[in-house]
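J.: Going line by line, the protein sequences match chains A and B.
Sequential numbering from 1 applies to the first sequence in the UniProt record's numbering.
Sequential numbering from 1 applies to the second sequence in the UniProt record's numbering.
Simulated from the structure, these hints should not be mistaken for lab results.
Among these hints, one or two may not hold up.
[To be verified] Keeping only pairs whose Cα atoms sit at most 20 Å apart, straight-line, the calculated EDC-like set for lysine to aspartate or glutamate is: (1) 108/A / 341/B; (2) 130/B / 179/A; (3) 196/A / 282/A; (4) 243/B / 341/B; (5) 381/B / 454/A; (6) 381/A / 127/B; (7) 449/B / 76/B; (8) 381/A / 454/B; (9) 243/B / 312/B; (10) 130/A / 44/A; (11) 288/B / 341/B; (12) 243/A / 203/A; (13) 288/A / 341/A; (14) 108/B / 26/B; (15) 48/B / 79/B; (16) 108/B / 32/A; (17) 48/A / 80/A; (18) 108/A / 26/B; (19) 130/B / 454/B; (20) 288/B / 348/B; (21) 261/B / 79/B; (22) 449/A / 203/A; (23) 449/B / 419/B; (24) 234/B / 315/B; (25) 351/A / 341/A; (26) 381/B / 127/A; (27) 243/B / 203/B; (28) 130/A / 179/B; (29) 130/B / 203/B; (30) 108/B / 26/A; (31) 453/B / 419/B; (32) 108/A / 32/B; (33) 319/A / 203/A; (34) 319/A / 95/A; (35) 108/B / 419/A.
2 protein chains.
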Amino acid sequence: ILAAFLLDSRINLSFLTMFFLLLQVDHFGFDENLTFQQRYLIADQHWKGDNGPILFYTGNEGDITWFCNNTGFMWDVAEELNAMLVFAEHRYYGESLPFGNESFSDSKHLNYLTSEQALADFAVLIEYLKTNIAGARYSPVIAIGGSYGGMLAAWFRMKYPHVVVGALAASAPIWQFGDLVPCGTYFSIVTNDFRKSGTGCADSIRNSWNAIDNLSLTGLQWLSNTFLLCSPLKSPQDAVLLKNWLSETWVNLAMVNYPYKADFLQPLPAWPIQEVCKFLKDPSLPDKLLLQNVFQAVNLYYNYSGVVSCLDMSETATKNLGQLGWYYQACTEMVMPMCTDGVNDMFEPQKWDFDALSEECYRLWGVRPRPSWILSMYGGKNISSHSNIIFSNGGLDPWSAGGVTQNISDSLVAIVIPDGAHHLDLRSRNPLDPKSVQQARATEICYMKQWIKEARHSH
Amino acid sequence: ILAAFLLDSRINLSFLTMFFLLLQVDHFGFDENLTFQQRYLIADQHWKGDNGPILFYTGNEGDITWFCNNTGFMWDVAEELNAMLVFAEHRYYGESLPFGNESFSDSKHLNYLTSEQALADFAVLIEYLKTNIAGARYSPVIAIGGSYGGMLAAWFRMKYPHVVVGALAASAPIWQFGDLVPCGTYFSIVTNDFRKSGTGCADSIRNSWNAIDNLSLTGLQWLSNTFLLCSPLKSPQDAVLLKNWLSETWVNLAMVNYPYKADFLQPLPAWPIQEVCKFLKDPSLPDKLLLQNVFQAVNLYYNYSGVVSCLDMSETATKNLGQLGWYYQACTEMVMPMCTDGVNDMFEPQKWDFDALSEECYRLWGVRPRPSWILSMYGGKNISSHSNIIFSNGGLDPWSAGGVTQNISDSLVAIVIPDGAHHLDLRSRNPLDPKSVQQARATEICYMKQWIKEARHSH
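Next comes chain A alone, as it looks inside the complex (with noise of 0.2 Å):
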C-alpha cells in the first residue's frame, strides 16, 4: 500500500513501519469504555536513541500515509536533528476508524469526531511512545501539522505542553472561527493570484458565471459537452453544481500553486495558476468562446496527465482526503464563515449565512454547529499567554487570510513566506525553491533547535 503513495524520491519509504495503538473512543467520559485502533508510522533510521528528539505530525483529515508522503521537510529536517519521525493518522480518517464501516453511519458514530478527542489520542500516543521505546523517555516532541493540522499542532501546544515543547503550525487557519478574521479575505487571495498570474485572467473567471447562467437555459448539452462532464447537466439548475465545481477548482488551485512539478491534490505543472492564465486572457470573449477556455483551464488542473476521458464535477482533490468527515468537522467545531461579494473577488457575490449551514448540518448528520465552542476552548485571538509555536503561511495561500502572519511573543512567531502556497515549507526541499521558503525552513529548524536545548536543559 504504501509503496503506491512513493511520489517523492527524498522520502524513503522503506524505513517506514505502520503500527497500531488501542484508544479509548472517548476520552471525556466512562460510560461506554470502547477502544480503537489508531494507526500510526514511524521512520527511525537517523534517531540515535539517548532521548533524541521525536518530530510528530499531527494527523489531520485524510489518510496518514498521504500526509507522510508530502511532508518531506520532516525528512529532511529528521537527517538534521537525528530524530524520529512519528506520524499519527487522525481518527475517523484513513484507517483509524473508530466504529469500522459504521464509524459514518449516524450522529451517534460520529460523536467522537472533535479535535479534543484527537488530541487527547496524539497525548497518550505520545506517552505510551516515551515509556515504550528505549532511549525515548526524555525525548522532546516537537508538534508540526499543515492546514488543519496545523491547527491541530499549534492548539496541542498550547493544550498539552507538558507533552510537546513546540509546535510548527503551517498554513493554519486557527482565526478563521467567529469574527476574528474579515470572512472575505480567503476569496480575495484566491482572487489576487489568478490576478496576479496573467493579464485578463481573474476577469475571464469573473464574467465567466454569467455565460454559464446564458447558457444553462438554452445550452445544457453544449456545456455539459463543453467540459467533458461524467455526467450532463440535467436542467438548468445543475449550472449550480457546475459553478460551484469551477469556484472550488480556482480555490484548489490557490493552494497548490507551487514554484515546481508537484502532485498534492492532482498533479500539476510549476506555477499551474500562470500555466492556467495563459487560456484566460480576454474576458471579453463571448460566452461559448469564453466558456471553451474555462474548460481548458480546468482540464489542465483534473487532467494534466492527459489519461483522464472526463471530467467527475463531485471530485475535486485527491481521494486520500477524507470528506466526509470534514463536512461533519465543519457542521460541528469547524464553521469558518467564508463570503464573496464580486468585487473584491472574482465569485459570485455570497454572504456568509450560518442558519443555511446549521440547516444543511441538521439535515445531513441531525447535528447543529457550535460556532463559538472553538473560540471558548482555544482562545481565538487571545493566545499571548502560550509558548513556542511558529505559524507559517504562505502569501499564495487562501487559507493565511485566517493565520498568524504576525508574531504575538518573542516564543509565538509568525512567518511568512510571500511566494508560498498552502504549507509549501512543510514539502521537501526542491530545486526550485523561491528564497523565502528556504528561509523559512531555516527559521523553523532553528526555533526546533532552540526548543531542543531548552528541553534538555529543563530536564
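Position chain B against the provided structure of chain A, taking the given hints into account.
T.: Same frame as chain A, now just chain B:
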C-alpha cells in the same frame, strides 16, 4: 435558603444574587444537544465596573452556597480590589443537576460528570458574563478554589489561560495521582497532627484498632452503646465499619484543625485536635477504658453543639458536600492512591489496591477508573510551561501531601502555611489567625494585583 448558610458575620449575603445559565450537557460531543441550568452566585457591591477585576470561585463537589459561605477570603479581597465575586456551581452538585433527579441514576446519566466538562462550563460562563455585564468586557478574571476546587482553579488556568489571568489553588492536591507522590504521606500527616497535639494521642488511636477487634468478638453491644451509635453493630464484620468511620473522623479533624472556633465540616472549637487529644493521653489503658476515651474524642467532633442524641456512622461531614458525585469522580478520573503502614502513621496497615477499587467502581457504577488519564490531561509534575498559579498548602493539612509545596518558576509559586489546615487561607480574616496565614494572604493578594496590572497593560 441562603440565610440558613449565614455563618460568617463578615459575609453579607444580602449582596449576593443567584443566577442560572443554560449550558451544554456535553461540550465535547454534538450528538445529544442537551442543556442544563448551571447555578452561579454574584456579589458585586464592591465592583465599580470599568473592567474591574472578577474573582471567580471554581466550584467543587458541593452546594455552591456552602463554598460561598466558607470562602470569606474572597469577600475580604473584593473590598480591597474592587472586585466582583462569582461563585460557579460544579455540575452534578447542589442545584446544578444536568438530569434533575435522574442525574445519578446510572452511568449514562453520570457520563458528563468530569473535570473537563466542569472547566468548559466555567469558560463558557465567564465569556457569557463578560459579554453580558456592562463594563466587564475586558475584566481580568482570577480563578480561586480550594481542595478539588483548587485543582480546578489550577487546571483552569493551565487549559484556559485566555479566560483567567491567574489562579489561586488552595490546598489543591494536583499531584495525589499515579506515583507522583508516596501513597502514605497523607496519613502520616494526619498522624503527625495528632502526635503534636498531645502526648499519647496518636498512640492511643493506633492502639484503638486492636481494642475494637478484641471487643468485636464478644462486646458488639458494648461497642454500640459506648459509641452511642444510631444503628447498632450487628456482626463482628461491622467492626470494620466502625474503624473506617473513626479513621475518617481523624482525617476530617486534621483537615479542619483551625486555630479558632469554626464550622466547616462540623461545628468545632479552636484547635480541635488539641481538644480531642485531651481525652487520649494514655495509650496503655485496657481496651474498654481506651475506647471510652476514643468515644469522648469523636463525640467532640460529632456533637460539639451537644444536641446530637446518637452518632450516625454514615455521616462524617457536612451534608453540603455531594458524596455520591465525588465517589463517582473517584471511580473515574480522580484516582488518588492512598496507603497506610501503621508505623509512620497511626492507622491499620493497608496497601493501595487499585484492582479492588476498580471492581468496586464497576459494581457501583458500571465504570472502570482510568488512573493515568488525569496525568495525560493535566501534565502531572511537568507543568513548568504554565504561568500565574499560586499553590497554597497548610502544613497541618493531609492534602498537602499531594500539593505543590515548592516554587516551580517565577510565576508558579508555592506558599506553605506551616500552622494551617485545609485551605485556611480561603477563610475570612480572624483575630486568631496565625501570622503565617496572614502573610500567605498578603502574598496572594500581591500576586493577584500583579496579574491584574499585567492584564491591563497587555490589553
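J.: Each of the hints needs a verdict: does it hold here or not?
T.: Okay, the hints, checked on the actual structure:
1. 108/A / 341/B: Violated - the C-alpha atoms of residue 341/B and residue 108/A are around 48 Å apart, more than 20 Å.
2. 130/B / 179/A: holds, 17 Å
3. 196/A / 282/A: Holds, at about 15 Å.
4. 243/B / 341/B: holds, 15 Å
5. 381/B / 454/A: Within the cut-off at roughly 17 Å; holds.
6. 381/A / 127/B: Roughly 14 Å separates the two Cα atoms, so the pair holds.
7. 449/B / 76/B: holds, 14 Å
8. 381/A / 454/B: Measuring from Cα to Cα gives roughly 17 Å; hence the hint holds.
9. 243/B / 312/B: With Cα atoms ~13 Å apart, residue 243/B and residue 312/B stay inside 20 Å; holds.
10. 130/A / 44/A: holds, 14 Å
11. 288/B / 341/B: violated, 25 Å
12. 243/A / 203/A: Since the Cα atoms of residue 243/A and residue 203/A sit roughly 15 Å apart, the hinted pair holds (cutoff 20 Å).
13. 288/A / 341/A: violated, 25 Å
14. 108/B / 26/B: The given pair, whose Cα atoms are some 12 Å apart, holds under the 20 Å limit.
15. 48/B / 79/B: holds, 11 Å
16. 108/B / 32/A: holds, 8 Å
17. 48/A / 80/A: holds, 12 Å
18. 108/A / 26/B: holds, 13 Å
19. 130/B / 454/B: holds, 19 Å
20. 288/B / 348/B: Within the cut-off at roughly 19 Å; holds.
21. 261/B / 79/B: violated, 25 Å
22. 449/A / 203/A: Roughly 46 Å separates the two Cα atoms, so the pair is violated.
23. 449/B / 419/B: Not satisfied, since the Cα-Cα distance of roughly 26 Å exceeds 20 Å.
24. 234/B / 315/B: Holds, because 18 Å separates the two Cα atoms, which is no more than 20 Å.
25. 351/A / 341/A: Holds: residue 351/A and residue 341/A sit about 8 Å apart, inside 20 Å.
26. 381/B / 127/A: holds, 14 Å
27. 243/B / 203/B: Measuring from Cα to Cα gives roughly 15 Å; hence the hint holds.
28. 130/A / 179/B: holds, 17 Å
29. 130/B / 203/B: violated, 55 Å
30. 108/B / 26/A: holds, 13 Å
31. 453/B / 419/B: Given pair residue 453/B, residue 419/B is violated - Cα atoms ~31 Å apart, limit 20 Å.
32. 108/A / 32/B: holds, 8 Å
33. 319/A / 203/A: violated, 31 Å
34. 319/A / 95/A: Distance ~14 Å between residue 319/A and residue 95/A Cα, so the pair holds.
35. 108/B / 419/A: violated, 53 Å
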